[in-house]
Structures are given as structure tokens and as C-alpha cells.
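> Sequence:
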Amino acid sequence: MGIGESIGGIIGMCVGAYVFASTIPGALTAINGADTTGWTAAQTALWPIVGIIVLVASFTVFLPDRF
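All residue numbers for the sequence shown refer to my numbering, where the first residue is 1 and numbers rise by one.
Mixed in with the good hints, there may be bad ones.
Stated by the list, open to error - What follows is a set of in silico ranges between Cβ atoms, one per label pair, in the way DEER data are often shown:
| no. | residue 1 | residue 2 | range |
| --- | --- | --- | --- |
| 1 | Ile53 | Val19 | 12 to 22 Å |
| 2 | Pro25 | Ala45 | 15 to 25 Å |
| 3 | Cys14 | Asp35 | 30 to 40 Å |
| 4 | Gly9 | Gln43 | 38 to 48 Å |
Just so you know, these hints were derived from the structure itself, not from any lab.
In this text the structure is predicted, and so the values were computed from the model without any measurement.
For every residue, glycine included, the Cβ atom is placed at its ideal position computed from N, Cα and C.
Work out the full structure: start from the sequences and follow the hints.
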């Protein structure tokens, strides 16, 4: 791995962290603020897990291919 690849990886991680930090809070707020009045108890109980799945999935997208 050359220096150019290392710098590109660091810049990519910084840009990814910036995008991650700017979009995830709004998305989680929208997910947690959803109207669940007509849902069953099971659906309402599982709904907070969706936010966790979105958080983990979006975090793994921004990870580099190799460390």
C-alpha cells in the first residue's frame, strides 16, 4: 500500500464520518417519531430495533475495505 492509497483511505473515512454524522441523527429522529397508533404490540415492540439496524448498516457502508 502506497502513501497515496493511505491518504485516499483516510480522506474517504473522514468524508464518510462527516456524512454519517450529519445524516444519521435526523434519520433516527424520524424513525423514532413515527406514528405507531394502528400497529400491533409486536410491531411496536420491534420498531426501535429498526433504528439500530439502520445505524449499524450505515456505519458498515462507510468502513474501508481493509484496515
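> Now tell me, hint by hint, if it's right for this structure.
Results for each hint:
| no. | hint | verdict |
| --- | --- | --- |
| 1 | Ile53 - Val19: 12 to 22 Å | 18 Å, holds |
| 2 | Pro25 - Ala45: 15 to 25 Å | 23 Å, holds |
| 3 | Cys14 - Asp35: 30 to 40 Å | 37 Å, holds |
| 4 | Gly9 - Gln43: 38 to 48 Å | 41 Å, holds |
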